Amino acid sequence: MIARWFHRRGWSDLVIGLPYVWLLIFFLIPFLIVVAMSFGTRTSTAPPFGFGGENPAINLAGYARLFSDTLYIRAFVTSLTNAAGAMVLCLLIGYPMALGLTRVDRGWRNILLMLVILPFWTSFLLRVYAWMGLMGSNSWFNKLLTGAWNWLVPQAWDVANVPLMHSNFAVVLVMVYTYLPFMILPLYANLERLDPTLDEAAMDLGSRPFAVFRDVTLPQSIPGIIAGGMLVFIPAAGELVIPTLVGDSSSPMIGRVISDEFSSARDWPMASAVAVALLILMVGPMMIYSRFEARAQARERSE
Amino acid sequence: MTQALVRIEGVSKSFGSFQAVKNVSLQIEKGEIFSLLGGSGCGKTTLLRMLAGFEAPTQGRIFIDGVDMAAVPPWERPVHMMFQSYALFPHMSVEKNVGYGLKHEAMSPADRKARVREMLELVQLTPFATRKPHQISGGQRQRVALARALARQPKLLLLDEPLAALDKKLREHTQFELMSIQERTGVTFIVVTHDQEEAMTLSDRIAVMDQGVVRQVGRPGAVYEFPNSKFVANFLGSINAFEASVTALGDQISVDVPALGQSVQARAVGGLIVGQNVTMALRPEKITIHRTPVEGDNVLAGEIKDLAYFGKDSLYRVALPSGALVSVHAVNAARASDDDRLADWYDKVWLSFDPSSVLLLTD
Amino acid sequence: MKRSNTFLLTMLGFGFAFFYVPILSMIVYSFNGSRLATVWGGFSTKWYGTLLSNAQVGKALWLSLEIALLSSIIATMLGTMAGIALARFTKFRGRTLFSGLVTAPLIMPEVITGISSLIFFILLGQYVGWPSSRGFTTVTLAHITFSMVFVTTIVQSRMLSADRAIEEAAMDLGARPWQVLRDVTLPVISPAILSGWLLAFTISMDDVVITNFTTGPGTTTLPILIWSKVKLGVTPDINALATLIVLTVGLCVLVAGAVMNRAERRAERDRRMAYRANE
Chain P
1 MIARWFHRRG WSDLVIGLPY VWLLIFFLIP FLIVVAMSFG TRTSTAPPFG FGGENPAINL
61 AGYARLFSDT LYIRAFVTSL TNAAGAMVLC LLIGYPMALG LTRVDRGWRN ILLMLVILPF
121 WTSFLLRVYA WMGLMGSNSW FNKLLTGAWN WLVPQAWDVA NVPLMHSNFA VVLVMVYTYL
181 PFMILPLYAN LERLDPTLDE AAMDLGSRPF AVFRDVTLPQ SIPGIIAGGM LVFIPAAGEL
241 VIPTLVGDSS SPMIGRVISD EFSSARDWPM ASAVAVALLI LMVGPMMIYS RFEARAQARE
301 RSE
Chain L
1 MTQALVRIEG VSKSFGSFQA VKNVSLQIEK GEIFSLLGGS GCGKTTLLRM LAGFEAPTQG
61 RIFIDGVDMA AVPPWERPVH MMFQSYALFP HMSVEKNVGY GLKHEAMSPA DRKARVREML
121 ELVQLTPFAT RKPHQISGGQ RQRVALARAL ARQPKLLLLD EPLAALDKKL REHTQFELMS
181 IQERTGVTFI VVTHDQEEAM TLSDRIAVMD QGVVRQVGRP GAVYEFPNSK FVANFLGSIN
241 AFEASVTALG DQISVDVPAL GQSVQARAVG GLIVGQNVTM ALRPEKITIH RTPVEGDNVL
301 AGEIKDLAYF GKDSLYRVAL PSGALVSVHA VNAARASDDD RLADWYDKVW LSFDPSSVLL
361 LTD
Chain F
1 MKRSNTFLLT MLGFGFAFFY VPILSMIVYS FNGSRLATVW GGFSTKWYGT LLSNAQVGKA
61 LWLSLEIALL SSIIATMLGT MAGIALARFT KFRGRTLFSG LVTAPLIMPE VITGISSLIF
121 FILLGQYVGW PSSRGFTTVT LAHITFSMVF VTTIVQSRML SADRAIEEAA MDLGARPWQV
181 LRDVTLPVIS PAILSGWLLA FTISMDDVVI TNFTTGPGTT TLPILIWSKV KLGVTPDINA
241 LATLIVLTVG LCVLVAGAVM NRAERRAERD RRMAYRANE
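Residue numbers (the numbering used here), protein chains in the order written: chain P, 1 to 303; chain L, 1 to 363; chain F, 1 to 279.
Isolated chain P (complex conformation) (with noise of 0.2 angstroms):
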């Protein structure tokens, strides 16, 4: 029976429903029920919200209040520059090694790639907690930090040691951690598909090695640091663990106003306006990866 029902196209109808069923009740409908959630009103029932009746059917409070309490408008602020300044400081440090890594022998890379991926497998909990280890002001690593800081600079600026913690620094620093492999992969296999001939017409032309990666490797490589970049923006704009063990409380990012208006102030609504207006500023920056990628596929395909 089934075999025979197998037999017709009908395995392509279940190939194709399935997971497209399962995406729209888990993923599209309560991603629909945040949007509308947006619109609604705090109450103090349970489940706190309401639509209609007493409250009015469309509230804007939410997206009014974005605009007018400073607390939202710091905290995208804040998202953004601790978002941008690691994705700066990711292609700063990830493009050398990428780079370093195309110019290392075969059976080496495979190690060293192996070893770009391994925290990758690791706990990211984790990885951010041997930071904290490292930070907190009484370890070997703060201490070594104190000293330099106090051998280099004049007795009357010394420290007792340097206040890491809890600051947007070691947001953005930890941040750079973890998602520095997210820059160097895709970066190195962009990097790696080159051809090193072009470097050779290059020099033969007479560009110094300066001017060889000028002309000829970084303008290659934008693709990937535009893939790059984005795979580090993205996930770092919208991040809550980081920044909750790590950064200063007093100027929260975004993913952590959401999490506290859902669950200390209990303001659905709210969170979810917050979290509409973060995806509306995300999707810019997505549509230039998205062309970005689009473009390097056709690319790819024509060759």
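Just to be clear, a hint being listed does not mean it is correct.
Quick list of in silico lysine-lysine cross-link-like pairs, DSBU-like style, CA-CA up to 35 angstroms [unchecked claim]: (1) L:K155 / F:K91; (2) F:K91 / L:K96; (3) F:K231 / P:K143; (4) F:K231 / L:K22.
Everything labelled a hint here was simulated from the structure, so no lab data went into it. None of the values given here were measured: they were computed from a predicted structure.
Fit chains L and F to the known structure of chain P by using the hints.
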């Protein structure tokens, strides 16, 4: 006459606004090797894929053994294909690959095994039966693909560029092997190729295709010696072609060829009228080169402008006083050293050719 | 050339130090005798003892493994189906929405996915009566949803790069479409399915944010347990736990690397064999 095995009737295929195949009609007889010859994008592969059932014709009908194929899916057609990439299943051994088609046939396991063994013997791959495709050479892969496609005894075998992936030496050898296997099995072959030499050696008949249209169909010799258009003449081998006009009809036809600065005699053919514009075409190997003046109708005097020595033969480019260049292909029958060649750069030479060699093309 | 290579290799060294110094420091401090996590107080393995006697940790680990195994298997099945559908069925109704649904969870911030899942489950419980509470079921459902799209991405890109001719060849040899899928497509993409499953498993094992929103009392996965402890600061037993996790994962990756290396060497030998067979 017996009914043709394959009848293609007015078949067209469009992809969006692009017409890949335009109103093609062909009949392919049982037991022949038929080649579809043309450059890339001429529609030959699309035609092949329509025969296999991977594409549906936009218009027209295809009959195989008298059955309309329109509603028959690929897996039910009595047609098998040898893919250009061979498309061997990478996760199956050679014998599993060859036996895959038989799995879909009501057959006892013993018969199936025997058939696989027979096929492996046919292509001389018995010692490699348990190897995976990536463990054998390119030539062996090609033979696995052939054995796999033949295992189910198709009425028709489609071969998509069967020799393209092989190197030159292996290609020649494989050509003859393909022909002998075809002879032994009696299966009808349709071969798609862009290589004119391959098409000439392999086929009983050739269809020359260009931009989705079949330009000429015929035996290799007929298509080569009597091309019906400048395109076909050019595509199969090389040709000297000049604009000409008919000046007299009779036992022989006289045409005036302004580029040569003289008139040329050609063997009589029908359908021409005095004053008609034609293309006078002449294959390079039909011209004889002389170092001393010769008498006769079709004689041209000129000077050697270029020569290319290939070993067994040489190609000369002879400049005429009018400025036209004529290519001449001559076999190096006698052994000659550098100082003692048939002709050298800037030598004055005379060219002659028989009126029967002259082609008058109206297309 | 020489000088630029020196610079790049120095950066590489610096980068790897950046990657591994924090982890090494964590490992070293797991053997710290002092109660203060960051002040060295002599070598000791007592934190491992504390850890192993902690039944909570074992329970959390077991729960994480259960959820990861169940969710990754279902996610792999659903994700593979979606990948095949997107790569092979170019025309079906709602394809655009489908491909959007498959990419959106990849870029959706985890906080938003977590909150929307939680609201969905609360409302579902309220108005449908199921799930009555949050815990194993809701966490597993949420993990399946956001890890299946990773499987889809891997499978889809493998399908797109595979030679379609081998599927046509199977069809040409008499296989119906579903037989083509069973005999050719699935075996050929099986490495992609395997790596998709591995990714889905790791994602589930590692997830904090979405689990934190969708879990309920009594359902504490290992990351949630670590999360609740780490929020309070650095403690020596977490150093020990982290060391065990890092060493386990490192060992697995090392073994996987060795296996892959051997497979590569075998492929190289096969290539040479094929070359010799040419003669």
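Going through the hints against the structure:
1. L:K155 / F:K91: 33 angstroms, holds
2. F:K91 / L:K96: At roughly 33 angstroms apart (the allowed maximum being 35 angstroms), K96 of chain L and K91 of chain F satisfy the hint.
3. F:K231 / P:K143: 23 angstroms, holds
4. F:K231 / L:K22: Violated, at about 72 angstroms.
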